[in-house]
Every structure is written in structure tokens, then in C-alpha cells.
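Given next are the chains, with one letter for each unit.
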Amino acid sequence: MAHETAHIVEMARQLRRDVVTSVHLAGDGHPGPALSIADIVATLYFAVLRIDPQQPDWPERDRLILSKGHACPVVYAALARRGYFPVEVLPSLRCLHSMLQGHPDMHKTPGIDMTSGSLGNGISIGLGMALAGQYKHQEYMVYVITGDGELQEGIVWEAAMAAVRYRVGRLVVFVDHNGFQSAGEVSRVSGLLPIRPKFEAFGWHCQEINGHDVQQILDAVNCAREAADRPSMILAHTVKGKGVPFMENDNSWHKRVPTAQELEAALEALR
Amino acid sequence: MTRIASSREAFTNGLLDLAARDERVVLVAADSVKALRATPFEEQFPQRLFDVGIAEQNAVAVAAGMAACGLIPYVATYAGFITMRACEQMRTFVAYPRLNVKMVGLNGGIYCGEREGVTHQFFEDLGIVRSIPGISIVVPADASQVRHATRAIADIEGPVYLRIGSGREPVVFDDSVPFEFGRTRVLFEKGHDMAIFTNGFVVSRALAAAERLHETGIHITVVEVPTLKPLDRDAIVEVLERTRGAVTVEDHNVIGGLGSAIAETISEHVPVPLVRVGLQDVFPESGEAEALLDCYGMDVPSIVGAVHRAIARKECLRLGDAEADSSVQRSPGMQVRT
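Sequence order for the protein chains is L and G.
If you read the first sequence in this note's numbering, its first letter stands for residue 1, the second for the next number, and so on.
If you read the second sequence in this note's numbering, its first letter stands for residue 1001, the second for the next number, and so on.
For the record, the hints were derived by calculation from the structure and aren't laboratory data.
Some clues are possibly wrong.
Here are the in silico distance ranges between beta carbons for each label pair [as the list claims (entries may be wrong)]:
1. L:Pro110 to G:Met1084: 29 to 37 Å
2. G:Gly1134 to L:Pro53: 26 to 34 Å
3. G:Gly1117 to L:Leu25: 40 to 48 Å
4. L:Val257 to G:Arg1309: 31 to 39 Å
5. G:Ile1004 to L:Pro197: 46 to 54 Å
Simulated coverage check for chain L against chain G, where a stretch passes if three residues somewhere in it have a Cβ under 8 Å from a Cβ of chain G [said to hold, decoys possible]:
6. 110–119
7. 124–135
8. 150–160
Cross-link-like lysine-lysine pairs, in silico, DSS-like; alpha carbons within 30 Å at most [stated by the list, open to error]:
9. G:Lys1190 to G:Lys1034
10. G:Lys1314 to G:Lys1229
11. L:Lys136 to L:Lys108
12. L:Lys136 to G:Lys1190
13. G:Lys1229 to L:Lys108
14. L:Lys108 to L:Lys255
Ideal Cβ positions, reconstructed from N, Cα and C, are used throughout, including at glycine.
In isolation and in its complexed conformation, chain L is listed as follows:
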């Protein structure tokens, strides 16, 4: 187990290096939100998801929906490192005719299970996928990664109600609770917080973890899978910009391009 977590931790560090590098080379993108979920993404892609890079459309595969689509550089990095496409493609992020759109496109990028980027929609779509699996007696899991700020969207709670009504045990939602959204601190922008009691009130299975602790992420996924009669929410406490000291908790890195010098400093911190 220790060996496995060490590998995931190293992969998370690699994904972070890929994020800052690709955003720098592309000259555009959202590094802060991507760094925030690097440990969750690395754990899912390198230890959890039942997927086959040789068959991206395998019907029985587990699904991952990145509801906070703007964090896609880290998922693109994971897909490349997992062998869906060459790592050399990563710097083409957001460029004309690139397979790596500014926000995920399920038809342009192998391994992307659902187009995303307009916030708040991932849980609903994940619910639809989980219901389809339930109806077809397939055993795939559906994982959704959502930001905390996007829980302000009304559709989130529409989905929260319906998911409980249909007892979708194979739907697992990670909430990346880094406390920031585009305009500032979530606690200042709206009355969303606290998050956990709201999902609990809707009847979800809820857990709270350190979203940068790989062992806690793995344990939470296993626990969520055991809750087979209801959907699961894992509230992952994270740090926006995690891993690059000068980006951590500095919301100006929500969408900002590191200069050559900043990239060098970031890569040094991520060695």
C-alpha cells in the first residue's frame, strides 16, 4: 500500500509540473484550480478508475466528469501520462485545432467522458450516467469532481434530490473545497457554507477528508463504494494552487499565466 501511495504522490507531482508547464507554454489557462485537485486526479487515474487507454470508449469503464472543467490541464496531463495521447500534445492546450480545448470536449480528447465547463452540471450528468448503468445492470462507477463555488448553481441541488430518490450507489462526488471561486472567497461571495450538512440533509453518504492526502482519498473512495444504496459526497479540503508556494491561496492564480521565471520557480518547488 505504501508503495502504491508513493507512486500516486509522485504522479501527482508530475501532473502539477505538467499543469504549470502547459499553462505557461499555452499562454492561457487556470493553474490554481488545477493544482488544487492534482492529488484527487492522480489517485483516480493511477489507482482507482477501471479504464483502458487502448479502448477509451469501453462501455463498462468507470467514468470521470470534471464538473469544474476549467481545471482540465490536470486531467489532460493525467490522460497523457496514462497513455491516452502523447505527452507532447500538452503544450497545445487552448490552441487552434488542438485536441485539448479550453474546457473538456468528449469528442476531441480521448479519455474525456463528458464535455464540461459550464459550472454546476457535472452531478446531474453523472446521475444520468449512473442511472444508465443501474438500468443496464452494469457495474461501472461514476466519479464527479466539482468545485465548491459551483455548488451555488441551483441544478446541483436538483441533482442532489434526484440522486437520493433513485438510490444511485455508484455515483461518487468529490467537492474540491479550496474556499475560493473566481471573484474571491466562497464564504464572502455567497451563503453556501457549510457544505456537508446540506448534502447530509438531502440523504447523501458524506465524508470529509484532506484532499491532498492520497491515503485518505483512497480510503474515502473505498468507503463510498460500500455505501451502495445512496450517492456519496467526499468533501475534500484542499488548497488552491497547492504545491507551488507562491500560488497557494493566492486567488490571482485562478486564471493567470506564469512567466518563464515563475515557471522555473514552480518547477523547482515541484522537484
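Use these hints to put chain G onto chain L, whose structure you have.
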């Protein structure tokens, strides 16, 4: 006496036929089972009905997720709640990823919203959907066509919007008449003085106007356009080249729907006069269905008048052309007969 049949029951019957032969077909409702008259579906296929409650955005997004996993979801509720409240889900998560979701809108037009008033009268749906890339749009003329269309759109891979009504629609077609996706259909052809292009539950009114005109010596062609997108452009252009003018008759705002689609075709391919009959960019009100159409300009005399106006404009242009050809100045007092 006009025969009436229910487009809502027809939809459910069509869906039952489909579900019996294709396990991938499911129904996603937003507390709309009763409105859809879909209780028989719930009884026969309880495991294939997913009612997410009064939550249309969720309904459309859930359907997108299902389609991404190989099902063929029909998501059905009031037209405006799909096309307006859930517009972005329809655009970004159904149309953009080209997912095989069939969206079915109840109460299309003011005829079907009738006594409910503006909140339940949907006359912008077609314009909204038409402006989104990749969604086919089907506007059947009566209940039997709705039943056929419900089945036919399952064979089209990709997003479709199907407009249905309130449950009391005039019968236009015999049940044996099939629905043909993507094709226009000539319903009346007594001459080429003018063409009426029409669709939806006002087709019967367009036909009544054509009969009345025929009795007064004006001989026109009536073309049904049950697939609004993709438009059967070549067939429309062919008719326009013969009639050299057009009137559109639709239960929709004249902006965005059939009138706009024909105007676009005319301006790019056959520049001829056009008069659009439909809701004239105003909010209507509650009222009895037939009286509403009469009050808001979709009555038979208004359609007849529109044909007269279109013919007069055509005549004007013809005289203008002749004038230009001969370089002869028209006398100032000359009037065109209307």
C-alpha cells in the same frame, strides 16, 4: 365538424411502440408524466421512467448522461421549460457533444398554451432551438403525425427537438400517412399564384385558407414543412421558383421559426416577396384555443389576406421588372390591383 385528437396521447403511444422494440429507449420526465398522458408508459415500463421532479435543467442534463452511456432518452415536459429554463443544458451538454437525446416540448404555440396564459404558451421554442447547431427540429401537424414522428426520430442519431401540443389538436392526416423526416410535403396544389409554407397545428387553417382562395379564383400551393431543421431547402426553392412569392403560417413568433427560415432561404436563393403569418412579436393572453389564434392573426381571413398581399407585392415587382426592362416610365397614377 373538425375532428380532434391528442398529440400528447399520440406521443405516449409512439413511445410505447418504440420501447417495446428497443430497450435503450427511456423516458425522462420533470413531474410531467400526467401532462404527457404517460401513465401507460409508467405502468408498462416502470423501470424505464425517470421522473426527476420539477427540475428541467436536471432532466436535460440527466438525459445527456444517459445518452453518453448508450441509452436513447426522451426528455419530455413543457416546451418552454426545456428550451428556455434548460436551454444551456440543451445547448452545451446535448447539442455540442451530439448526444442522442430526444427533447419533446408540450404546449408548443399559443393554441396549445391557450387558457393557461403566457407562462405556458411557448412561441419562442423553435427560434431558440434553431439557433443552436446540431439539433434537428420536428413540428408535426396533428396527433397521428406526432405518433409517427416520435418513432421516426429514434432512427436519427443525435439530438432532436419534437414539438407537441396540449392534447386537443385538429386532425389533418389519415393515420396511414407516414412521417418523413427531413422532407417537405405538398398538401394542396391548385396553382402557383402563391405558396403557403406551414407547419404545426395551424396547418388545417392554412388548408382552409387555400380552399377559400381557390373558390375565389386564386390558385395556390400549400407546402407542409414538418422538419424545420434541417430545412428541405431544395424542395422549398423549387416551389418558390414556380410561385415567385410565399406566405408562412405558423403558431410561433414570426421571429425565429418557420417565417424566419423561409425568409433566410428566400433572401439567399430566390428573392421574392414574403408575408409571415404568426404571432407578431407580442405576448398573447389566456383564452380559448381557436379564439386565441383568431385574435392574434392566425385566423383564416388573415391568412387569406396575407396571400392577397403577397400576390400584390409579386405583381408590383413583376411590373417593376417589366418597367426596368423596357425603360418606360410608369404613369404616376397607376395602381396595382390587390
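- Query: Which of the listed hints are broken here?
  - Reply: 3, 4, 9, 12
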